[in-house]
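J.: Heads up: the sequence lines are chains G, X and Y, in that order.
With numbering that gives the first Met the number 0 applied, the first sequence covers 0 to 297.
With numbering that gives the first Met the number 0 applied, the second sequence covers 0 to 652.
With numbering that gives the first Met the number 0 applied, the third sequence covers 0 to 119.
Hints are not guaranteed to be accurate.
To be verified - Partial list, derived from the structure: chain G residues whose beta carbon lies under 10 Å from chain Y:
hint	residue
1	Pro51
2	Ile54
3	Leu85
4	Ala242
5	Asp268
6	Ile276
7	Ile286
Said to hold, decoys possible - Pairs of lysine-lysine residues, derived as DSS-like cross-links and limited to a Cα-Cα distance of at most 25 Å, are as follows:
hint	chain 1	residue 1	chain 2	residue 2
8	Y	Lys32	X	Lys272
9	X	Lys124	Y	Lys86
10	X	Lys473	X	Lys496
11	X	Lys487	X	Lys466
12	X	Lys587	X	Lys530
13	X	Lys8	Y	Lys86
14	X	Lys491	X	Lys479
15	X	Lys504	X	Lys466
16	X	Lys491	X	Lys473
Rather than coming from a laboratory, the hints here were simulated on the basis of the structure.
The C-beta atom is built at its ideal place from N, Cα and C for all residues, glycine as well.
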Amino acid sequence: MTTALILLLLVLGAYLVAVIESWAHSGRFQLSAPLLAGIALLGRESIVPRKPDRIFYEVAPVLLLISAVLAATVIPLTPELIIADLATGALFINAALVYVLVALLMAGWGPNGAYAMIGGWRFLGQLIAYAMLIVMPITAVAMRAESLLTTQIVISQSGLWNILYQPIGFILFFVAAMALAFLPPFDLPNAKSELAGGVEAEYSGVRLAVFRLGRLALIITLASATVVFYLGGWQGPWLPPWAWSAIKILAVTATMLLAGRYMPRIREDNLLGWCWILGIPLALLNIFLVGVLVLVFP
Amino acid sequence: MISGARQGKLSGLRQLVASAMARDPGTFVVPGHDIAWAHGLDLEAAGLQQVASPRHASVLLVIGDIPPALREAAAVIYAQMMRPRIILALGSTDLSPLPAADIVAGISQQELANGVHTLRAALAKGAFHPDVSDFDAPVLQIRIEYTCSMHPEIIRDEPGSCPKCGMTLIQREAQATAAHEHTDHPKMKDDEHAGMDHSMQHETPVEYTCPMHPEVVQNEPGSCPKCGMDLEPREEQADAMHDHQHMDHDAAIEYTCPMHPEVVQNEPGSCPKCGMNLEPLAAHDKQDHAGMDHSNMDHSSMDHSSMDHSNMEGMAFMSMIDVTKDLPRSGDGLPMEWIEAPFGPFLPGLPGGLLLTLTLDGDTVAAASARSLTENTGLFKPAPIDSQSFIEQLSDMNPLAPVSYRLLACRALEDAAGIDVPIISAHARIGALERERITSHLGWLALFGQQTGFDWLTQRAAVLQRKTRHAGLKQISALKPALQSMIKRLLKAPLLKSRTVGIGKLTPDTVLYGPVARACGINNDARSTEKIFTTLGFKPARRDAGDVLARLHIRLDEIMHSISLIEAAGAISPPAPVTTGTLSGTGKAVIETPRGMAGLQLTLQDGQVATTQLHTPSTSHVALINPLLEQQALGDALTAVCSLDLSPWEIQP
Amino acid sequence: MSTLEQYGILLGLTIGTTGLVLSLYFLARAIGKTRREPGKDVPATSGQLSRDPVWVRYHARYYGYALLFLSFDMEMAYMYPWAVVYKQVGLVALLDMGVFLAILFLGLLYGWSQGALRRQ
């Protein structure tokens, strides 16, 4: 029952992400646009490029969707509304989201096309940049909560949200989450103007619909993870918990989608350089600071 | 009935789907968004959503007249679009080899909006049709060529024997460019090919063979004609070698794929799994083949070079160092394989019509070549032409800067005919020229924003460009604060500097024009030599860095300078047509177009233009591309090309 | 519920998602079959047909970063359980892990000085 409800909310959330994305792009709020787009994609032909790696080509969109759905299963929307409150929840999110890389590499290698291939390998470079910046802030969050249970992580923020307790960690996690979801300015694998769609370019029709659905689910999952780890989850005055969850998740989604419009795409060399030379020391500093704070203020 | 309908009857679920498709048309713009902006079209307002890949598009939007080479590329795009697909042509006359346009309209925003309205109805009704036929065009056909493995310069269209050595020609699928081989090695230039001595001498026992292509055997050392590697000496009897390479040797010769050794065929061709040419496999290797463990072969762990071991006949074990020792080395010393990919003519972010072919080493550009597909061979023919049509032709040649070329034609004609222009109309002409400079730079900014993924810039610059295109004097002054705030906001954007500084650096010793030159510190501006500009208070912009950021700054500065020039000139009107009567003479004129200095020399005979000589800045700039892109990352390379602000339409062959 | 049940739900979700995707594929197939036409299945490269295979040895330029990433990834595997018991163990835990992280950080600095952290 909870499972079905959460899945429904996930689909609704993905739908709203699409609406927000089209609003960010065109300034108009069109509630029916994603539904029409989905039905239209079902009605179009879906072709497999010539001489592909068939397994990789077919598995990639499905794997992207599965990885986003699995990561969403450990996100609590209210204290009871969680599909699987795994004891290793925070770690499991990371484990599930790694398959995004596998999916995009498959989507890059499979079609046997130049643009997709370059897009796939560029995403691997991006992963090497952002991966540590996802994992280290999660560790610092777990230090405060003394547990990897996502519900416990939210409860541990009842005094002060983590965004104020560990602001460095929040900034690093937010940026790394945008890079994981390959949102602009980190849209190296599916750059519209450098790679004519990159990993997405060879998908058409229903396969493209699944790919896009996976991407939307990924964005909403990452926004939910940010809210759970740093913004106090369901906590807040007056409104019921689910309302707070919804408001916070949508706010984070809108921020992620809007931020990229006002910046050019980042260069991969710069992304790697800044993440490793600036980001990792900051993440280590964050862990150290949280370690000291946790001991000093029990 | 649209030509790109899907097969089937329109009923039930299909009707719902068709009406959804009508409301969500992804559009692929040919020849490019820059042309759409130059014509003042607002695609989003008309309801068309631009997509990057033809597979995501249902509408092919063709704007203006398209030259034949570009039409073939458009046919390729159309063939790669998924059905149902529909063609909306604005102001195009002939679209072959594309099918005839389903919706035709003129080039204006209102007509575009009407066209989109009709298009929606057509898609909803015609998305499915019981009777459809394939779209075919000559450019889509796989060209099977027949070539000799020892003499790759022999290419025939039918099977036969090589005229040089008598071997049967083997089949080969024609690749993207002519005479294009298995591309994981640097291609040899044609003169190297020709200079090689392929003739067989049967007396000497020491032969040289290629480790990757054992059928290639020569008597002197050299490079393998197929892949460029140095040939290794091999001690074999002359007869055995003969047996090995004669292709009509009975039955024992099989063909296999270097990447998929389990694919074995009796005749040459291409591998059904990956498309590479099949290499001959010597007979006695078959046992080795059968003994090889194929079960754990999967694509992700495939190592290309090590697969070649299975094909080598009579060779001792070759380590990776030996196998790769003649491969090209990248900058860090690693031998890797290169791929060649076209980036154009319809890549969003690059000017439409520019075919950029990059040889990529990973995501670094190892070699680049650019050419324009918009060659209009019928320009200024048949000579002589009368001055009116000459002006129109020159103005239509470049839709991205029509007023500048019109002015160039008029000035050259006036110079030839000895006509003087009063100061007032000269000022009005300057107003028009400068307004076009603003429009062109804004269009470039929108294209630059598209190339760098900077959506806000693209939208803002496109809006301002639409407003400036036909703006009068008062409106331009009214737009000044909006332009200033856009420039200020742009320069404060995060990541912009890191994205553009140091990229695409040009040195002042190359032949440069226009803003590209001024960004390098070269004071190359045709306006600085004209008195009329100095009286209006003209000062050329100048930066020294010579990179993309400097060019961006120069163009932004020029936008503001042009506004002050327009305000000083006090009037805007394009040049009036020039009547040359029956005069004769020679004339020349030089105009600072938004992209650089353009020069025109012509001779008049009895009022008709007999000979012309046109020089445009893009023609010189396109030659800069190869050295500019060496060893650049792909994103940086494309940004550098975009920053040159080429107009493929004005590139002269 | 027990961990096994939880993982069972996750497995069920995976299979269910795959089932959903397959049913979408069948629905699309019911609407119409894809027509094979010349040139349609060649990977789209903006207007030029390029039938060359691209499965070559790709020259990734970030291998310096990748090596360091491996070591840090192994470190993170140790840090997860450490983070959970950190508050309980107290200052000793901070010092222990501090030493470990400092050694790794020195490795990072060394790699930086040797030019690993740049485009190769």
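J.: Would you mind marking each hint as holding or not holding in the structure?
T.: Right, here's what the structure says about each hint:
For Pro51/G, the interface hint holds, since its Cβ comes within 10 Å of a Cβ in chain Y; the closest pair sits about 9 Å apart. Violation of the interface hint for Ile54/G is found here, the shortest Cβ-Cβ separation to chain Y being roughly 14 Å, above the 10 Å cut-off. Taken as an interface hint, Leu85/G checks out: its beta carbon lies about 6 Å from the nearest beta carbon of chain Y, inside 10 Å. The restraint placing Ala242/G at the interface with chain Y is violated, with a minimum CB-CB distance near 26 Å, outside the 10 Å limit.
Among the interface hints, the one on Asp268/G holds; its C-beta lies about 5 Å from the nearest C-beta in chain Y, closer than the 10 Å criterion. Interface restraint check: Ile276/G against chain Y, minimum CB-CB distance 6 Å, threshold 10 Å, status holds. For Ile286/G, the interface hint holds, since its Cβ comes within 10 Å of a Cβ in chain Y; the closest pair sits about 7 Å apart. Of the pairs offered as hints, the one joining Lys32/Y and Lys272/X holds, with about 23 Å between alpha carbons and a cut-off of 25 Å not exceeded.
A threshold of 25 Å between alpha carbons decides the hint, and for Lys124/X with Lys86/Y the separation of about 68 Å lies outside it, so the pair is violated. Between Lys473/X and Lys496/X the CA atoms are separated by roughly 34 Å; this puts the pair beyond 25 Å, and the hint is violated. Simply put, Lys487/X and Lys466/X have alpha-carbon atoms about 19 Å apart, close enough for the 25 Å limit, and the pair holds. Restraint check for Lys587/X and Lys530/X: the C-alpha separation of about 17 Å stays at or below 25 Å, so the hint holds.
About 69 Å separates the Cα atoms of Lys8/X and Lys86/Y, which puts this hinted pair outside 25 Å; it is violated. Distance hint between Lys491/X and Lys479/X is fulfilled; the C-alpha atoms sit about 19 Å from each other, no more than 25 Å. With a CA separation close to 33 Å, the supplied pair Lys504/X and Lys466/X exceeds the 25 Å bound. The hinted pair formed by Lys491/X and Lys473/X fails the criterion: a straight-line CA distance of about 29 Å is larger than 25 Å.
In this structure, the hints that do not hold are numbers 2, 4, 9, 10, 13, 15, 16, in rising order.
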